[in-house]
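Trainee: Input sequences plus hints: build the corresponding full structure.
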Amino acid sequence: NAGVTQTPKFRILKIGQSMTLQCTQDMNHNYMYWYRQDPGMGLKLIYYSVGAGITDKGEVPNGYNVSRSTTEDFPLRLELAAPSQTSVYFCASSYDRVSTEAFFGQGTRLTVV
Amino acid sequence: DAKTTQPNSMESNEEEPVHLPCNHSTISGTDYIHWYRQLPSQGPEYVIHGLTSNVNNRMASLAIAEDRKSSTLILHRATLRDAAVYYCILRDVGGGTSYGKLTFGQGTILTVHP
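So the protein lines, in turn, are chains P and R. Here this note's numbering is used: position 112 in the first sequence is 112, and no number is missing along the way. Here this note's numbering is used: position 13 in the second sequence is 13, and no number is missing along the way.
Treat the hints with care, as some may be off.
Computed cross-link-like contacts, BS3-like style, restricted to lysine-lysine with a CA-CA straight-line distance of at most 25 Å [as the list claims (entries may be wrong)]:
no., chain 1, residue 1, chain 2, residue 2
1, R, K69, R, K3
2, R, K69, P, K44
3, P, K44, P, K14
4, R, K3, P, K44
5, P, K57, P, K9
6, P, K57, R, K3
7, P, K9, P, K44
8, P, K57, P, K44
These stretches of chain R come out as covered by chain P in the derived footprint (C-beta under 8 Å, 3 or more residues) [claimed, not checked]:
no., stretch
9, 42-49
10, 100-106
Simulated from the structure, these hints should not be mistaken for lab results. Everything numeric in this text was worked out from a predicted model, so none of it was measured. A virtual CB, placed ideally from N, CA and C, is assigned to each residue, including glycine.
Mentor: Here you go:
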């Protein structure tokens, strides 16, 4: 099993550019999450989804958008990148919302210059 | 969201037990207690979780206080590979918009000495 796969692993963006961070999971999980982690800090929830076609905002959604057209994929879109979005982004998935573990991808390290 | 409080850092020697404490005084009756750890330059990985009773798995043990306002993650014999940031998280099972969010705090940085 591949688990949760994120691409790309690294990216440098210029201010104002846009990009999509890809996340796919092969475990047939309904719940998927996007987090960001700034240096020396814990993870903060950006967006989450409870199934195809259903998404909602987390703690820090500004500057991001998501879509969930399939169970497997949960891409995160950055529009008009800003230096404040320099961070490591983690995608995660879980089978249900409580009693089972969440699986995390290896992260995408994004630098906006 | 119910919050957790953990020490910023702890140290241990290799092959000794480690007890990582977590306070969660505002825990609700249906919050599960989850522990994750994050090794350097990696995504978080699941360690253990529980609701009321103590739990054991191949990685660790979780001791939950009777009033559920605190818990302790126990690594029975620390190894150098256990050096990581350990997060104690309350996973919200409530209805509405909670959606099982994992809300991370600052975590405890565990240093293991050879």
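Trainee: Compare the structure with the hints numbered earlier in the document and write down the numbers of the violated ones, lowest to highest.
Mentor: Structure breaks no hint.
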